[in-house]
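Protein chains: 2
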Amino acid sequence: MSNHKEKPVVLAEQVQTFLANLEPLTRKVFLSLTPPSPLDNRADVDQVRQMLERRYDSVSVPLSLMSRIPGLCRSADWQITATLADTNQGWKLIDLEPGDTTKEQFGLAIDIGTTTVVVYLVDLCDGTVLRHAADYNDQITLGEDILSRIRHAGELGGLVRLQKAVLDTLNRLIRLLFPLPMRTGKITAAAIGANTTMIHLLLSLDPASICRAPYTPVVNNPGLILAGEIGLEIHPLAPVYCLPSIGSYLGGDVIGGILVSGMHKQPEISLFVDIGTNGEIVMGNEDWLVACAGAAGPALEGGVTTFGMRAEPGAVDHVSIDPETGQVQYTTVADMPARGICGSGLVDTLAELFLDGIIDRNAHFQKGREAYVVVPAKETALGEDIVVTQIDINNFMATKGAVNAATDLLMENVGCAWQKISHFYAAGAFGQYLPIESAIAIGLYPDLPRSAIVRLGNSSGEAARQVLLSRTKRLEAEAIAAKVTYFELNANPSFMEKFSGSKFLPHTDLDRYPSVKRRLQTHT
Amino acid sequence: MSNHKEKPVVLAEQVQTFLANLEPLTRKVFLSLTPPSPLDNRADVDQVRQMLERRYDSVSVPLSLMSRIPGLCRSADWQITATLADTNQGWKLIDLEPGDTTKEQFGLAIDIGTTTVVVYLVDLCDGTVLRHAADYNDQITLGEDILSRIRHAGELGGLVRLQKAVLDTLNRLIRLLFPLPMRTGKITAAAIGANTTMIHLLLSLDPASICRAPYTPVVNNPGLILAGEIGLEIHPLAPVYCLPSIGSYLGGDVIGGILVSGMHKQPEISLFVDIGTNGEIVMGNEDWLVACAGAAGPALEGGVTTFGMRAEPGAVDHVSIDPETGQVQYTTVADMPARGICGSGLVDTLAELFLDGIIDRNAHFQKGREAYVVVPAKETALGEDIVVTQIDINNFMATKGAVNAATDLLMENVGCAWQKISHFYAAGAFGQYLPIESAIAIGLYPDLPRSAIVRLGNSSGEAARQVLLSRTKRLEAEAIAAKVTYFELNANPSFMEKFSGSKFLPHTDLDRYPSVKRRLQTHT
Chain A
53 MSNHKEKPVV LAEQVQTFLA NLEPLTRKVF LSLTPPSPLD NRADVDQVRQ MLERRYDSVS
113 VPLSLMSRIP GLCRSADWQI TATLADTNQG WKLIDLEPGD TTKEQFGLAI DIGTTTVVVY
173 LVDLCDGTVL RHAADYNDQI TLGEDILSRI RHAGELGGLV RLQKAVLDTL NRLIRLLFPL
233 PMRTGKITAA AIGANTTMIH LLLSLDPASI CRAPYTPVVN NPGLILAGEI GLEIHPLAPV
293 YCLPSIGSYL GGDVIGGILV SGMHKQPEIS LFVDIGTNGE IVMGNEDWLV ACAGAAGPAL
353 EGGVTTFGMR AEPGAVDHVS IDPETGQVQY TTVADMPARG ICGSGLVDTL AELFLDGIID
413 RNAHFQKGRE AYVVVPAKET ALGEDIVVTQ IDINNFMATK GAVNAATDLL MENVGCAWQK
473 ISHFYAAGAF GQYLPIESAI AIGLYPDLPR SAIVRLGNSS GEAARQVLLS RTKRLEAEAI
533 AAKVTYFELN ANPSFMEKFS GSKFLPHTDL DRYPSVKRRL QTHT
Chain B
53 MSNHKEKPVV LAEQVQTFLA NLEPLTRKVF LSLTPPSPLD NRADVDQVRQ MLERRYDSVS
113 VPLSLMSRIP GLCRSADWQI TATLADTNQG WKLIDLEPGD TTKEQFGLAI DIGTTTVVVY
173 LVDLCDGTVL RHAADYNDQI TLGEDILSRI RHAGELGGLV RLQKAVLDTL NRLIRLLFPL
233 PMRTGKITAA AIGANTTMIH LLLSLDPASI CRAPYTPVVN NPGLILAGEI GLEIHPLAPV
293 YCLPSIGSYL GGDVIGGILV SGMHKQPEIS LFVDIGTNGE IVMGNEDWLV ACAGAAGPAL
353 EGGVTTFGMR AEPGAVDHVS IDPETGQVQY TTVADMPARG ICGSGLVDTL AELFLDGIID
413 RNAHFQKGRE AYVVVPAKET ALGEDIVVTQ IDINNFMATK GAVNAATDLL MENVGCAWQK
473 ISHFYAAGAF GQYLPIESAI AIGLYPDLPR SAIVRLGNSS GEAARQVLLS RTKRLEAEAI
533 AAKVTYFELN ANPSFMEKFS GSKFLPHTDL DRYPSVKRRL QTHT
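Sequences listed follow chains A and B, in order. Under this note's numbering, the first residue of the first sequence carries the number 53, and numbering increases by one thereafter. Under this note's numbering, the first residue of the second sequence carries the number 53, and numbering increases by one thereafter.
Rather than coming from a laboratory, the hints here were simulated on the basis of the structure. Please read all numbers here as calculations on a predicted model, not as lab measurements. A hint or two may mislead.
Stated by the list, open to error - Derived CB-CB ranges, DEER-like:
| no. | chain 1 | residue 1 | chain 2 | residue 2 | range |
| --- | --- | --- | --- | --- | --- |
| 1 | A | D220 | B | E105 | 30 to 38 Å |
| 2 | A | G123 | B | V466 | 34 to 42 Å |
| 3 | B | S116 | A | D437 | 50 to 58 Å |
| 4 | B | E105 | A | W340 | 31 to 39 Å |
| 5 | A | Q131 | B | L562 | 52 to 60 Å |
| 6 | B | R106 | A | T524 | 42 to 50 Å |
| 7 | B | R106 | A | D220 | 36 to 44 Å |
| 8 | A | E320 | B | E105 | 33 to 41 Å |
| 9 | A | G420 | B | P90 | 46 to 54 Å |
| 10 | B | S116 | A | Q131 | 35 to 43 Å |
| 11 | A | T86 | B | A504 | 36 to 44 Å |
| 12 | B | P90 | A | I488 | 37 to 45 Å |
| 13 | B | P231 | A | Y188 | 53 to 61 Å |
Said to hold, decoys possible - What the simulated footprint calls covered on chain A by chain B, stretch by stretch (three residues with Cβ under 8 Å from a Cβ of chain B suffice, anywhere in the stretch; the number is not a length):
| no. | stretch |
| --- | --- |
| 14 | 94-100 |
| 15 | 110-118 |
| 16 | 244-258 |
| 17 | 261-275 |
Glycine included, C-beta positions come from ideal geometry on N, C-alpha and C.
The task is simple: from the sequences and hints, build the whole structure.
Below is the structure:
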């Protein structure tokens with residue numbers, strides 16, 4: 053169990069407009085009803101519905117609630133609070149409570165990653181995140197990556213096991229966020245950002261076609277699901293909204309990233325990049341959006357590098373090498389003795405190795421060296437040197453090369469030059485922790501004016517929060533999904549060519565990295 | 053098990069306009085889908101929804117169907133038929149079948165009476181009734197009348213037993229109408245006309261408040277229920293529409309009667325009367341509608357008269373007495389030896405006794421007689437005389453008196469004279485079988501031009517058929533329910549006064565019955 057320290061990032065100007073228009077997926081309405089009398093003997097259910105329909109257009113009352121209304125009205129002295137769900141097809145009554153409970157409205161914003169699941173408990177009254185918690189996705193034990201999970205889903209009982217695993221993870225996190233004596237049934241709405249496969253597994257939909265030509269998912273836009281239908285342990289009638297996906301390889305997490313960046317509303321062209329196990333790149337503006345996706349390699353995920361680890365206590369997260377003395381300075385998460393290197397530590401190390409000439413522009417160690425000691429054995433918790441090897445560097449270069457090649461190809465195809473890029477949005481872990489200067493030095497980020505580089509943090513989780521809180525944002529997400537053109541990388545012959553040519557630090561074309569060029573001149 | 057012979061009556065001019073605008077509660081749509089390709093790799097569910105949304109505004113797809121779509125599309129070679137339910141809050145996909153099954157669309161129109169339940173199997177393609185079947189309501193064993201059932205519902209497990217009883221009745225009739233190998237799951241919609249208590253018991257809603265001041269039901273307009281929610285054994289997602297009621301004593305069966313009569317659309321004032329165990333009277337036109345209701349006494353139901361029985365084989369259904377010889381002529385249902393007298397037989401007998409002077413205007417036997425032999429013992433299947441007694445006549449007079457008093461009071465209150473009544477609509481058994489002249493002779497029907505007397509038959513069942521087939525009719529029914537003003541008889545002191553004064557044949561004021569006055573003069 054790791055409680056991430058990050059807060060979901062929201063761009064400052066968005067927060068303002070956003071909170072002014074709070075339209076959460078569920079709303080509470082306090083009703084002061086009239087006790088029936090000979091002069092007003094309307095049926096109880098009808099009176100409740102009529103009062104609600106004064107403010108909300110059309111309200112349906114499920115049979116399961118009808119029978120509770122007469123007793124509740126009388127025991128609560130005709131002062132009750134109704135919870136309504138916004139179903140896109142009118143309003144639906146989902147809960148009734150005695151008294152005025154309009155100050156207590158809770159929802160969940162959920163980011164289901166292939167590796168990590170994050171749940172944010174959101175106050176639906178003001179939109180703030182009250183608490184959040186994260187954990188590994190229990191599905192990992194059934195398959196490390198997306199392809200192995202899709203394979204597992206095809207085995208007997210596999211789909212059921214995978215659905216149960218992610219629900220176990222979610223329900224564990226929910227209980228953690230909403231401790232007794234509060235009932236998790238008080239949570240009346242949820243929104244989810246996740247890739248297409250994660251959504252299929254959550255809904256127990258067969259993901260087989262996702263990795264088989266022509267790569268059609270069962271569903272891209274599932275609409276609203278009831279929590280009780282899938283076993284999410286909040287209010288059983290709570291609507292669960294999944295950010296729509298565009299296809300097998302562009303999920304609701306990416307749509308969410310675009311939504312949070314706001315690039316789809318700007319006249320200037322922006323670039324959005326999210327790199328995890330898979331990488332997704334989106335380019336565009338208010339008029340058009342193109343996207344591509346592909347396996348990026350897990351170089352930044354901590355699972356492949358020899359001493360790679362997640363950003364947990366003891367992870368080396370910042371590294372600098374004194375160009376004069378060659379002395380390494382580093383920090384670790386929670387200041388614990390070093391146990392490994394996380395993504396940001398790796399990016400720092402590679403940048404310093406490159407800037408100090410310890411590796412060359414081809415990313416090869418000079419002077420026959422095969423590894424670099426970042427932390428000597430005596431300072432570690434492991435009792436052995438923590439090193440970065442040539443193989444680690446090669447893995448990283450493959451990831452970086454794929455990203456560079458894909459980005460270049462996309463730009464070439466839409467005929468857009470780097471000079472035209474107004475913003476570079478970096479999403480996910482890729483955008484949250486990486487040291488900007490180091491990421492630029494090794495060509496992971498473009499060498500743009502620093503004000504143009506925007507790190508979105510967990511934009512999938514933040515997008516979930518936004519659609520949880522705003523009908524406008526839900527419609528916006530669906531409009532984005534309808535607008536994105538998917539650009540198939542694998543079908544493109546020049547991708548491999550560009551990929552092979554991208555194995556330089558920071559980039560094949562050094563002139564695209566003027567600030568790095570200057571630093572290299574300073575160092576040498 | 054008795055298969056009623058009646059067909060639901062529809063006024064001729066209505067049928068025409070009606071079938072031109074068929075808008076059933078569920079509709080089938082044949083979809084010829086495009087197999088996914090690299091150029092069109094939309095998700096299967098999204099493609100289905102998008103095709104449906106070309107014709108139907110907003111369509112929601114339940115999770116339970118999503119998982120079936122990919123397999124069905126492929127096995128049916130992308131030729132499938134979707135069934136959509138009209139939920140008033142947009143359309144909802146409820147079923148998918150391989151191939152084109154748009155020619156097979158079935159729904160049920162149901163009339164749940166306190167005593168008798170009738171189910172009509174309706175072809176949703178053209179609106180016709182394919183078959184119908186009727187049976188006693190199994191709830192009778194738990195309580196003869198409405199009050200005893202409400203009392204039973206208050207006992208431990210009583211509500212569950214009552215719900216089960218009516219569902220057992222309905223499901224038995226459904227299986228009878230839709231024999232194997234057809235699955236009753238092919239029936240995708242139902243509409244129900246019933247009194248308020250019957251609807252409460254069907255939905256398992258506590259009816260206690262119906263008979264307790266201020267007489268507020270749990271619900272008057274339950275909206276759409278899913279068949280699966282209550283255990284009606286048709287398609288589990290089939291929408292079930294209940295005709296709305298106005299209050300505890302004016303149910304959807306009466307709203308249905310008004311709907312079928314069309315009195316709410318006419319400029320002239322009409323009178324609608326339905327007499328069963330309870331009696332309901334509605335008066336009004338396109339501008340206003342007033343109604344009253346009350347216990348009518350079961351005089352016409354066959355349960356109270358000494359030799360009373362339902363219109364089953366052996367029931368005396370028509371009677372005439374030769375004024376010269378005093379000779380009785382009668383017919384029986386199915387020409388079987390007489391076993392008792394049904395409502396129409398009783399009305400005929402009373403009219404003949406009155407016209408022949410065997411009973412006087414006070415409805416008392418002349419010359420100390422205490423009973424009248426309708427069928428002598430030797431002609432019966434019982435081996436005893438079938439008679440009508442003074443007590444039977446008194447029971448009838450109580451019913452008739454209540455109806456007359458209520459009608460007069462209603463007319464007095466709205467300031468309407470008999471001359472203004474353009475139509476008299478007689479609903480239910482009261483309107484289906486009674487011999488018109490006899491019913492007028494004893495004051496049960498008003499003495500209007502015969503063309504003004506319209507017998508609606510089972511208007512509750514016919515109304516159910518209409519709302520099953522037409523969204524316009526559903527809205528019309530709801531508009532009627534909103535328009536009717538309920539007139540409280542019990543609270544009115546002059547009711548008892550009028551009731552006491554109504555114990556004359558045909559009416560206290562003989563001048564209101566000119567044709568009867570003439571017949572009396574002819575007879576004497």
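Taking the hints in turn, this is what the structure says about them:
Judged by the Cβ atoms, the range 30 to 38 Å given for D220(A) and E105(B) holds: they are separated by roughly 36 Å. Between G123(A) and V466(B) the beta carbons are some 38 Å apart, a value that agrees with the proposed interval 34 to 42 Å. Against the hinted window of 50 to 58 Å, the Cβ-Cβ separation of S116(B) and D437(A) comes to about 57 Å, which satisfies the hint. Taking 31 to 39 Å as the suggested C-beta distance range, the pair E105(B) and W340(A) does not conform, at roughly 24 Å.
Look at Q131(A) against L562(B): about 58 Å separates their beta carbons, and that is inside 52 to 60 Å. The supplied range of 42 to 50 Å is broken by R106(B) and T524(A), whose beta-carbon atoms lie about 25 Å from each other. At about 41 Å, the beta-carbon gap between R106(B) and D220(A) stays in the expected band of 36 to 44 Å. In this structure the hint that E320(A) and E105(B) lie 33 to 41 Å apart at CB holds, the actual value being about 34 Å.
Distance hint for G420(A) and P90(B): a CB-CB separation of about 48 Å, consistent with the stated range 46 to 54 Å. One distance hint, 35 to 43 Å for the beta-carbon pair S116(B) and Q131(A), holds here, with the actual separation near 37 Å. Here the CB-CB span from T86(A) to A504(B) is close to 42 Å, well matched to the stated 36 to 44 Å. In this structure the hint that P90(B) and I488(A) lie 37 to 45 Å apart at CB holds, the actual value being about 39 Å.
For the pair P231(B) and Y188(A), the supplied restraint of 53 to 61 Å holds, since their beta-carbon distance comes to about 56 Å. Residues of the stretch 94-100 of chain A lying with their CB closer than 8 Å to a CB of chain B number 5, which satisfies the three-residue condition for coverage. Using a Cβ-Cβ cut-off of 8 Å, 6 residues of the stretch 110-118 of chain A lie near chain B, which meets the minimum of three, so the contact claim holds. Counting residues of the stretch 244-258 of chain A whose CB lies closer than 8 Å to any CB of chain B gives 4, so the stated coverage by that chain holds, three being the minimum.
Remark: the stretch 261-275 of chain A is confirmed as covered by chain B, as 12 of its residues place a Cβ nearer than 8 Å to a Cβ of that chain, reaching the required three.
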